[in-house]
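Residue-level listing of the chains:
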Amino acid sequence: MGVTLGLALVLGACGDGNSGSGDGGAGGGAKSAVIAIAADPLEYINPLNENGSPGIQIAQAMFAPLVATDPGTGKTVNVLADSVTPDKTSQTWTIKLKPGNTFQNGQKLTAKDYVDSWNLTAQGSTAWKNNGFFSKVEGYEALNPPTPDGATPKPTSVKALSGLKQLDDLTFSVKLKVPFSQFGLTLQYLGLAPLPEEVRKDPDAYKRKPIGNGPFKLDGTWNPGDDIKLVKWDGYKGPNAPEADALTYRFISNADTAYNEFLAGTVDFVDVPSTKIQSFKTDAPDQWVTSESSGANYLTLPAWDARYKNPKLRHAFSMAIDRKSLSNLVGLATPASGLIAPDISGYRENACKYCDFDAAKAKTLLQEAGGFSGAVNISYSTTSATGQVFAEAIGNMLRQNLGLEVKYTGKQGSEITELADTRKLDGLRFSGWGHDYPSIEDYLTPMFKSSGDANFSGYTNPALDQILAKGDAEPDQDKAIKLYQQAEDIALEDMPLIPLYAKQNAYLHSAKIEPRVSKYTGVQALYSTFQ
Amino acid sequence: MLAAVPIGLIVTLGVFALVFAMPGDPLRELAGDKPIPAAVLAAKRAQFHLDQPFIVQYLLSMKDILTGNFGTTFAGGDIAAQLKLRIPVTLKLTLLANAFQWTLGLLFGIYAGFRRNGLVDRSLLLITLVLLAVPGLVAYFAAQFLFGVQLKWFPVSGVLEGFPRSYLLPALVIGLLGFAGLARLMRTSIVETVNADFVKTARAKGLGEQRVLWRHILPNALLPVVTFIGLDLAGMFGGAIITESIFNLPGLGQFMFQAIKLKEGGVVVLLSTLAFVSYIVINLAVDILYGILDPRVRNV
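In order, the protein sequences belong to chains P and E.
If you're matching positions, the first sequence starts at 1 in our numbering and goes up one per residue.
If you're matching positions, the second sequence starts at 532 in our numbering and goes up one per residue.
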């Protein structure tokens, strides 16, 4: 081994000049930070074609939303919008823009930019990921004719949503298919950012040189595989401007490697990977933060399997699960006591009557339900390092507390989703959800409405659909929340999903920055204060 | 050389079939937990020919590769641009790693072979035994933590500091892990050659030691080693998948890993074809080198 060390010494001595420099050389301004993103590098920057991190994370820096959540109060505040006004039924929404805003190429930001960018995205043939957002808008079907599975989509001559109308230079209106009281909240989504005219004409030509309207712009050129270097853009006049003068986003696909980069002092902010949950507090004392996340985790029961039909059986399963020890196993997690994440207004502690661990009661409930025939099959994702461990933990609880026979099936995540989508999945699976906009409704509609697009369990209940529709049509937000809570109660009584835990997030940050931690918006490196 | 064409067809068809048979839906995998609208799924399926039968998908892929029309990945990356970016990274890593491996392997192997049972020979035996037993994954992370995080001699990951600095640590670890086999082969080959009759004859004829060493022993002892090096070089690509991921080097291995993860048949076949072609080129080079070292095989 002496050889190894000796040679490494010689080679290492060759370039000591720039190792361990600490600030990673971002921008060069005093207030600059390097943010590590544990993901494969981006291929393009186009918020309308991004529906998840890390693409939306970059969009947050380069594009400004219409409205945003105030990190201090959780209330919605206007950013580029001057006003967002529903009509009496919450079906038609009028959005007025603040005057004087421009894109980073100097073009004036007008209502037309929104209308045209949204129409472009709403076209199925564009194949942009945020297409689904516009399914609520009147005229969506004309741009997206239903296509049988496996068939090639038919081209359409319709290029505009009939529900979108430009009223004047700074005003446009959106007519929805049905009333939707939460629509105003959805406008904070960065995936709705407008593209300027030259980009709309040839989006491909600008996928590596985006023209934004947010607080930061690209510094120089960017190619996939490079770090994304951003500098402050003086044209951004909106509220809530970040403090940094320059930011570098560094993509490191291996999360453990990203963590090591932080420990070596070359990045200022990093997510703690699941493998380091036990050690991060000692690895970086005083340089970590944690926060509740909007992510909620569930055990999903198949509505298409008659054996799981009885709600009492579902309650029995739920009460047989010791959420506290499961959360300890997950690490940095809070046991769930409802279907909503704790950071959402409308969240009630202990909304769930059947989420306390009580083995005796669980057994009684199972007997009342008439028992369970055969083995309980738990499917877990083999692509996740912890999938099997969590499946076995749940399985052991069901076996010990209910005396059931349990078997496990490991499959690739997308395969399990496909089986569930086609109603062929046999038994239980894990699922998770995080909101796109901070509304209790964004948990209930996708997962529990009969036509919900994340209704993984195949659950239908007309009573719940009706009350959701009532909430959607209620313009008074407090009254709407009350209605949505009634829907949550119905879902908890039927229990198509068993709530398990809400995961907390953990991050490391260098001594140079203090990331913003908010109950409502989580931990954001973008809004760090500098020491 | 002509045999390469049918073999290439079988290899690419086989690889494509393997990727096709993998479970899961690539577009769903790409979307993660979020649902994608049916219209977008249908448009993407049509764009990447995923709605076609297997053999049509394969033929369309091959047509694209042969006409140099690489298109984009499912995630929207230009494949041609990716190759331009990634081929140099993998080449630099592989060549540097091999340079370490060959230098160390040949030097130690030759020295140990000539000074059999000496201190170097015995320690080499022990060191190579240890190195052969260390799993790559452990060694890469351990080296990264020790030399990158703790001692800060090398960058932890990435290619920001350019060639060779960014490549030194991963190449060194690959080279060290790989040198054991080469050193042992070289040593044995030297031992066998030194005791061969033709060396004894050469010495008996009164040739000088230098001439015996350079003209008789080394060329003959190197013959099996050249074959080993050729095979080893061709096999580097597989090893690059892990190394490039851990050291965040945007090379072909990382590209291959992403493509397999997303079930991107076209990209996997393209990269396999690249590996296949380089394998043939390296083998050709080995044959030529063989001819130089050993005139007897020149006309075989």
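FYI, nobody ran anything at the bench for these hints, they're computed from the structure.
Please note that a few of the clues may not be correct.
Once the Cα atoms are required to be at most 25 Å apart in a straight line, the calculated DMTMM-like pairs of lysine to aspartate or glutamate come out as [as the list claims (entries may be wrong)]:
| id | chain 1 | residue 1 | chain 2 | residue 2 |
| --- | --- | --- | --- | --- |
| 1 | P | LYS112 | P | GLU198 |
| 2 | P | LYS209 | P | ASP245 |
| 3 | E | LYS792 | P | ASP226 |
| 4 | E | LYS683 | P | ASP226 |
| 5 | P | LYS31 | E | ASP609 |
| 6 | E | LYS623 | P | ASP226 |
| 7 | P | LYS175 | P | GLU474 |
| 8 | P | LYS209 | E | ASP556 |
| 9 | P | LYS411 | E | ASP556 |
| 10 | P | LYS309 | P | GLU368 |
| 11 | E | LYS792 | P | ASP421 |
| 12 | P | LYS309 | P | ASP219 |
| 13 | P | LYS201 | P | GLU243 |
| 14 | E | LYS615 | P | ASP219 |
| 15 | P | LYS424 | E | GLU560 |
Against the structure, the hints come out as follows:
For the proposed pair P/LYS112 and P/GLU198, the alpha carbon gap of about 13 Å is at most 25 Å, so the pair holds. Restraint check: the Cα-Cα separation between P/LYS209 and P/ASP245 comes to about 20 Å, which is no more than 25 Å; the hinted pair holds. Distance restraint check for E/LYS792 and P/ASP226: the Cα-Cα separation of roughly 22 Å lies within the 25 Å cut-off, and the hinted pair is therefore satisfied. Straight-line distance between C-alpha atoms of E/LYS683 and P/ASP226 comes to about 23 Å, which keeps the hinted pair within the 25 Å bound.
The straight-line distance between the Cα atoms of P/LYS31 and E/ASP609 is roughly 34 Å, outside the 25 Å bound, and the hint therefore fails. For the proposed pair E/LYS623 and P/ASP226, the alpha carbon gap of about 18 Å is at most 25 Å, so the pair holds. A hinted pair counts as satisfied when its Cα atoms are at most 25 Å apart, and P/LYS175 with P/GLU474 qualifies at roughly 16 Å. With a CA separation close to 31 Å, the supplied pair P/LYS209 and E/ASP556 exceeds the 25 Å bound.
For a cut-off of 25 Å, the pair hint linking P/LYS411 to E/ASP556 stands: about 12 Å separates their Cα positions. Between P/LYS309 and P/GLU368, the direct Cα distance comes to roughly 13 Å. Compliance with the 25 Å bound is thereby established for this hinted pair. Between E/LYS792 and P/ASP421 the CA atoms are separated by roughly 21 Å; this keeps the pair inside 25 Å, and the hint holds. For the hint pairing P/LYS309 with P/ASP219, the CA-to-CA distance comes to about 57 Å; that exceeds 25 Å, so the pair is violated.
Between P/LYS201 and P/GLU243 the alpha-carbon distance is near 34 Å, which puts this suggested pair outside the 25 Å criterion. Annotation: proposed proximity of E/LYS615 to P/ASP219 holds, straight-line Cα distance about 23 Å (limit 25 Å). Straight-line distance between C-alpha atoms of P/LYS424 and E/GLU560 comes to about 18 Å, which keeps the hinted pair within the 25 Å bound.
Comparing the model with each earlier hint shows violations of hints 5, 8, 12 and 13; every other hint is respected.
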